[in-house]
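S.K.: For reference, the chains in residue letters:
Protein chains: 4
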Amino acid sequence: MSDKKYTTIHYQSYLQLDKLLDAQSLRSLEVEGKTAHDEMLFIIIHQVYELWFKQIIHELDSVVGRFHTDRVDERNVGVAVARLKRVIEIQKLIIDQIRILETMTPLDFLEFRNYLFPASGFQSYQFRVLETMLGLKDEKRLTYNNKPYESAFDEKLKKKLIDIKEGHSLFDLVENWLERTPFLQFEGFDFIEHYKGAVHTMIEKEQAMIKKSQFLSDEEKQMRLKMLGNTDTFYEIITSEEAHEKMKADGQVRLSYRATIAALLINLYRDEPILHQPYQLLTCLIEMDELLTTWRYRHAQMVLRMLGKKIGTGGSSGYDYLHATAVKHHIFTDFHNIATLLIPRSDLPELPEQVKQSLGFFYKGN
Amino acid sequence: MSDKKYTTIHYQSYLQLDKLLDAQSLRSLEVEGKTAHDEMLFIIIHQVYELWFKQIIHELDSVVGRFHTDRVDERNVGVAVARLKRVIEIQKLIIDQIRILETMTPLDFLEFRNYLFPASGFQSYQFRVLETMLGLKDEKRLTYNNKPYESAFDEKLKKKLIDIKEGHSLFDLVENWLERTPFLQFEGFDFIEHYKGAVHTMIEKEQAMIKKSQFLSDEEKQMRLKMLGNTDTFYEIITSEEAHEKMKADGQVRLSYRATIAALLINLYRDEPILHQPYQLLTCLIEMDELLTTWRYRHAQMVLRMLGKKIGTGGSSGYDYLHATAVKHHIFTDFHNIATLLIPRSDLPELPEQVKQSLGFFYKGN
Amino acid sequence: MSDKKYTTIHYQSYLQLDKLLDAQSLRSLEVEGKTAHDEMLFIIIHQVYELWFKQIIHELDSVVGRFHTDRVDERNVGVAVARLKRVIEIQKLIIDQIRILETMTPLDFLEFRNYLFPASGFQSYQFRVLETMLGLKDEKRLTYNNKPYESAFDEKLKKKLIDIKEGHSLFDLVENWLERTPFLQFEGFDFIEHYKGAVHTMIEKEQAMIKKSQFLSDEEKQMRLKMLGNTDTFYEIITSEEAHEKMKADGQVRLSYRATIAALLINLYRDEPILHQPYQLLTCLIEMDELLTTWRYRHAQMVLRMLGKKIGTGGSSGYDYLHATAVKHHIFTDFHNIATLLIPRSDLPELPEQVKQSLGFFYKGN
Amino acid sequence: MSDKKYTTIHYQSYLQLDKLLDAQSLRSLEVEGKTAHDEMLFIIIHQVYELWFKQIIHELDSVVGRFHTDRVDERNVGVAVARLKRVIEIQKLIIDQIRILETMTPLDFLEFRNYLFPASGFQSYQFRVLETMLGLKDEKRLTYNNKPYESAFDEKLKKKLIDIKEGHSLFDLVENWLERTPFLQFEGFDFIEHYKGAVHTMIEKEQAMIKKSQFLSDEEKQMRLKMLGNTDTFYEIITSEEAHEKMKADGQVRLSYRATIAALLINLYRDEPILHQPYQLLTCLIEMDELLTTWRYRHAQMVLRMLGKKIGTGGSSGYDYLHATAVKHHIFTDFHNIATLLIPRSDLPELPEQVKQSLGFFYKGN
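One line per chain: the protein sequences are Y, U, G and A, in this order.
For the first sequence, position 359 (counting from the first letter as 1) is numbered 359 according to this note's numbering, and the numbering increases by one without interruption.
For the second sequence, position 270 (counting from the first letter as 1) is numbered 270 according to this note's numbering, and the numbering increases by one without interruption.
For the third sequence, position 215 (counting from the first letter as 1) is numbered 215 according to this note's numbering, and the numbering increases by one without interruption.
For the fourth sequence, position 146 (counting from the first letter as 1) is numbered 146 according to this note's numbering, and the numbering increases by one without interruption.
No lab work stands behind these hints: they were computed from the structure.
Some hints could be false.
One copy or two, either will do: identical chains are not told apart, so a pair holds if it fits within one copy or between any two.
[Stated by the list, open to error] Heads up, simulated BS3-like pairs for lysine-lysine below, C-alpha to C-alpha not over 30 Å straight-line:
(1) K160 - K140
(2) K5 - K19
(3) K92 - K226
(4) K34 - K156
(5) K19 - K4
(6) K328 - K92
(7) K246 - K212
(8) K19 - K147
(9) K156 - K5
(10) K140 - K165
(11) K160 - K212
(12) K165 - K221
(13) K4 - K147
(14) K309 - K137
(15) K54 - K140
(16) K246 - K226
(17) K226 - K211
(18) K54 - K221
Keep in mind it's a predicted model, so treat the numbers as computed, not measured.
When you get a sec, could you build the whole thing from the sequences and use the hints?
M.R.: Listed below in structure tokens is the structure:
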């Protein structure tokens with residue numbers, strides 16, 4: 001094997017440019033015998049999207065592989081964060097890329113739009129894989145054109161997609177990993193009890209202060225109390241497992257109670273060295289979700305600009321469908337909602353010294 | 001006056017940096033005697049927003065001024081386009097700027113959030129001015145916290161805002177300018193009649209071809225016909241003044257019939273040199289609208305990340321309110337919808353030679 | 001021909017995804033039997049670059065085609081501007097794209113770098129085409145690794161490249177088009193004479209004012225006079241054809257005297273409607289040049305980060321070579337330098353009314 | 001103190017908008033009695049820059065404070081990384097911001113340029129502070145206009161700047177912190193000796209393989225050996241303290257030998273959890289340096305576009321001066337150059353198990 005390392009390779013063949021640069025055949029030319037100038041852009045930009053999707057799937061695949069175990073090595077959390085950050089950079093780029101497509105005007109699009117029927121971005125297999133790997137569930141999906149989205153694919157691809165669905169999504173694996181967090185209870189420190197106590201104390205103290213403040217009008221006091229919230233509102237989801245399970249049954253929440261507590265702990269004590277990478281990981285999930293939504297949203301805008309109220313080549317309602325997916329197809333909402341549960345550091349219970357040491361680094365010999 | 005030109009000036013005094021860099025006083029320091037590190041970012045980023053709003057208003061003001069006349073010099077259309085393109089660049093920047101605010105984590109925000117009550121971005125006077133100058137109508141606005149948005153301002157600002165509302169918005173002035181377009185009917189060429197004829201011919205021909213195609217299944221034929229549309233659907237708004245007026249009365253449309261026709265003509269014949277700048281102008285309106293919406297949208301996302309389901313310092317529902325404005329506070333929708341009415345260049349009636357010459361440039365002596 | 005229009009097409013086959021997504025084969029796998037995770041990114045990002053290069057060439061090709069004539073229709077200037085603006089958007093994106101490659105750390109690159117020898121970006125045929133089409137001359141190129149850059153290609157590509165070099169570059173065609181500008185002298189208005197007079201008057205007046213100013217110190221007066229310049233310095237290139245030709249012979253200037261005058265006129269009177277698109281065209285050239293340089297520059301930075309002082313896989317000095325191209329491989333410098341020749345609008349001679357009318361739009365019947 | 005928390009505040013007063021939005025007074029208006037439209041942009045964009053500089057200084061200040069100690073708590077490394085990442089986001093934004101200034105054309109700038117004399121960005125006090133805090137040394141600075149850069153400031157600011165110079169720069173503090181890295185030698189593991197051995201072995205093995213390869217021509221073998229390097233070239237700086245000191249004396253290197261070794265160790269073993277944040281920190285330094293250079297570079301380009309070869313209002317040579325600072329004013333070059341010293345993971349000596357455990361996390365009770 002090893003001597004192959006000392007063969008040579010040329011840029012053109014390494015990148016398979018003969019194949020790659022010969023993969024653009026314009027329907028306008030084929031159908032009308034005359035090139036619609038902007039069709040080249042239309043093909044190339046979608047090919048670029050598909051290349052990036054392949055790259056994102058490559059990264060997600062490796063992250064999923066590293067989390068698919070009972071004991072995730074801390075080294076792997078670091079690697080996962082680095083790779084998800086790469087996904088995030090790619091997502092930013094493909095959002096900006098929409099600006100290039102917007103240099104194609106509606107009138108220029110009309111020169112070849114008719115020849116595309118019924119092709120549509122909804123037939124992108126890789127995009128479905130990507131959504132599924134992240135954790136989008138079929139029951140959360142909008143139907144498209146009154147058909148299940150798999151109907152766009154042939155039997156072979158349909159089957160591959162089913163396998164992916166039956167495997168583990170990033171959502172599931174992160175949930176499992178969170179549930180295994182070893183810090184929830186240790187050495188006599190019960191995190192969730194301490195947290196509940198802190199919330200309770202904070203709310204009582206603040207309510208009293210607000211009520212007796214000489215600077216606030218009655219109306220302002222009401223607003224301020226509402227902004228403060230209480231254990232029957234924001235905090236309920238975490239302070240009672242029962243309430244959490246009810247919300248889960250109603251579909252308001254997806255993440256398990258134990259994983260939610262772990263995510264909260266990581267957010268609150270994320271300054272501790274040992275929680276730094278876990279915190280980064282949760283932040284990456286939020287950011288990927290946000291960027292995926294932004295991409296859907298910008299995509300919808302672009303379609304509106306291109307078609308107005310016309311119907312998409314694949315038969316969808318165009319803008320309305322895409323905009324609805326931007327609103328509905330969120331995956332990591334529960335991680336966004338952890339923000340609801342945060343309280344100021346000054347109201348947090350101080351960690352016992354021995355817990356703190358376990359969370360910090362510990363050099364042998366120190 | 002003139003000799004002043006030969007005085008000198010220093011960078012520090014020209015930019016009034018003594019004032020500018022002394023305008024950040026942290027509430028955390030004032031209230032608690034201890035700086036919350038991230039409050040500085042919070043203040044500075046909002047100050048930067050306000051400086052950019054001032055710049056945008058400066059540009060809009062000059063554009064409005066140039067259109068507020070019975071006869072807009074073509075030179076002014078060029079200037080307006082250049083200035084609106086600057087506004088667009090600023091909008092892109094202030095959207096990206098949200099990424100900086102997102103480096104502040106929810107926990108860091110909590111260190112000073114309580115001291116901000118009841119301040120809120122909803123109290124930005126300049127932002128209201130900007131929306132109003134573009135043409136956002138009071139009746140289209142969501143109420144905020146069950147109060148009219150002006151309630152955030154003192155009497156002086158309220159009065160100024162009313163003056164701006166009673167003046168001309170960019171929407172109104174562009175509408176007036178479009179209505180005055182001299183090309184709708186000239187020298188025996190009636191644009192709208194030609195357009196209707198072309199749409200009619202195109203639809204009939206396409207319908208026949210689709211129906212008899214040997215390559216399409218029945219289901220595909222149905223989809224394809226739906227995608228084609230007909231004069232009772234997409235095109236109705238323009239082919240019948242009556243239909244247009246009805247939609248206007250229902251609030252589905254805001255732009256007048258005549259202005260809509262002019263905007264359509266500009267879009268269809270935008271390759272003609274004389275229509276180039278007018279086309280750019282309409283494109284700028286669409287782009288500003290799109291970017292303003294994207295900004296609202298990203299703003300809403302950022303608030304979700306910061307607060308989860310908590311309530312805003314000003315008492316709003318936070319994310320839900322902001323997201324609703326992103327969906328509802330569009331201004332130039334009618335210009336987006338022109339795309340609905342476009343037909344392929346090959347189906348467009350050729351312009352009579354003398355009309356074409358009038359739309360091209362004409363050099364004396366050529 | 002026409003009935004083909006009513007066939008159907010699927011997204012996967014339209015984009016030739018079978019081919020496209022099968023064009024990534026990792027050398028690390030082939031050589032070592034083990035995937036280097038980041039090699040996938042390395043391949044895909046370069047493939048994306050090549051796709052964008054294809055798109056840029058597609059646009060340049062169409063622009064060159066439209067300028068390759070004795071009489072450029074004004075409509076074509078508009079189309080050229082729109083397409084070059086698209087090129088500019090693509091350039092912005094591929095600069096930002098470097099951020100994605102920077103998520104690959106030097107250590108990760110080392111996992112497969114050895115297998116790439118002697119492949120190198122210098123072997124990108126399309127990039128050479130792109131540079132050549134814009135107008136980069138062989139004699140301006142740095143040699144790479146002591147060999148002419150064509151040595152990277154096989155005979156067939158070498159030949160194609162020679163044909164492109166012998167054809168017309170965008171630089172040449174724009175130069176020709178500028179030389180044909182009809183406005184340099186007309187109806188008794190000799191632009192360059194008026195301009196020289198205005199420069200002369202402005203300089204004399206300013207010099208007198210500066211010298212007698214009571215607000216300036218002697219040192220400040222000297223600085224201010226230097227900043228003002230005089231006809232022996234900045235303005236010389238344009239005020240004397242002889243001086244221009246000398247600079248051209250020395251290689252300081254590339255653009256012909258007549259084309260330079262035309263570019264100056266377009267810059268000074270760009271508010272006139274008829275000059276608006278020509279001005280946009282010149283601005284696009286400056287912007288493309290600036291972005292190409294920025295790309296080279298960022299590319300050099302990225303290589304520095306990846307390799308430090310190591311040598312490139314193709315044998316170049318890596319950073320130093322790339323940085324040198326960023327400094328030297330400019331194409332449209334002469335258009336940047338027009339800025340040197342501009343004088344304030346208030347010092348410009350007013351155009352005679354009939355000239356002004358010819359430069360504005362002129363509607364028959366007005 | 002505490003009851004102040006229950007006072008109220010308005011957005012306008014919190015942000016001191018009365019002051020902020022009243023700090024733009026146009027010289028064109030003052031001198032000529034007539035507004036030059038684009039001067040507003042010129043003022044506002046520079047004010048925005050100064051606000052961001054204030055924010056960057058705020059962050060650097062806090063990072064410097066946390067490193068100015070004999071024992072940096074690991075928690076502080078995490079905080080430093082987060083704050084430097086914020087600085088990086090700001091840097092990206094202020095680079096993009098140049099696009100807004102580029103919407104001002106040279107002709108528009110000329111309408112007020114004369115009134116600015118001799119103000120200039122070189123008079124920005126905060127920018128000098130920022131450079132100095134990062135670690136730019138006076139002796140590395142280009143003189144500007146033949147004067148030391150402090151001559152731009154009054155006595156008070158000059159004095160403040162001297163104090164900052166005499167304090168600790170980020171460069172110095174990071175160097176000190178690196179020198180204290182506890183992992184260079186421990187428990188019988190001497191990092192640098194192991195590293196030297198690994199480099200030696202790798203080079204010998206590779207040289208032998210290259211020389212005997214049947215696939216490479218003689219010329220290719222030469223290139224490949226050059227690319228490989230040897231201990232007399234790239235690696236010399238680290239394998240011999242003497243060589244390092246010589247290079248330091250010559251000004252080729254700034255970082256101390258011991259700190260260089262520590263930086264190398266962090267780069268090579270950055271997958272170990274305990275080195276993760278230190279690695280991030282070093283990456284931040286490289287990125288800030290890169291972005292500062294990019295900013296200088298884009299700034300130079302923008303000046304070229306605006307002025308061509310004209311001289312700056314402050315008397316500098318404009319483009320040439322700025323471009324030279326982009327080439328010369330690097331600060332963290334030594335950290336870029338660590339890349340030169342990296343070798344593939346597969347050639348790295350495996351860490352002894354007990355060392356590895358010390359570098360990973362260690363939970364009490366595990």
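S.K.: Take the hints in turn and mark each one as holding or not.
M.R.: Results of checking the hints against the structure:
no. : hint        : result
1   : K160 - K140 : within (20 Å within a copy, 48 Å between copies)
2   : K5 - K19    : both (24 Å within a copy, 27 Å between copies)
3   : K92 - K226  : neither (36 Å within a copy, 35 Å between copies)
4   : K34 - K156  : between (35 Å within a copy, 27 Å between copies)
5   : K19 - K4    : both (24 Å within a copy, 26 Å between copies)
6   : K328 - K92  : both (20 Å within a copy, 26 Å between copies)
7   : K246 - K212 : neither (36 Å within a copy, 57 Å between copies)
8   : K19 - K147  : between (34 Å within a copy, 28 Å between copies)
9   : K156 - K5   : between (36 Å within a copy, 28 Å between copies)
10  : K140 - K165 : within (13 Å within a copy, 43 Å between copies)
11  : K160 - K212 : neither (64 Å within a copy, 37 Å between copies)
12  : K165 - K221 : neither (50 Å within a copy, 33 Å between copies)
13  : K4 - K147   : between (50 Å within a copy, 27 Å between copies)
14  : K309 - K137 : both (29 Å within a copy, 23 Å between copies)
15  : K54 - K140  : within (24 Å within a copy, 39 Å between copies)
16  : K246 - K226 : within (24 Å within a copy, 44 Å between copies)
17  : K226 - K211 : within (12 Å within a copy, 62 Å between copies)
18  : K54 - K221  : neither (54 Å within a copy, 34 Å between copies)
Hint check: violations occur at hints 3, 7, 11, 12 and 18; the rest are consistent with the structure.
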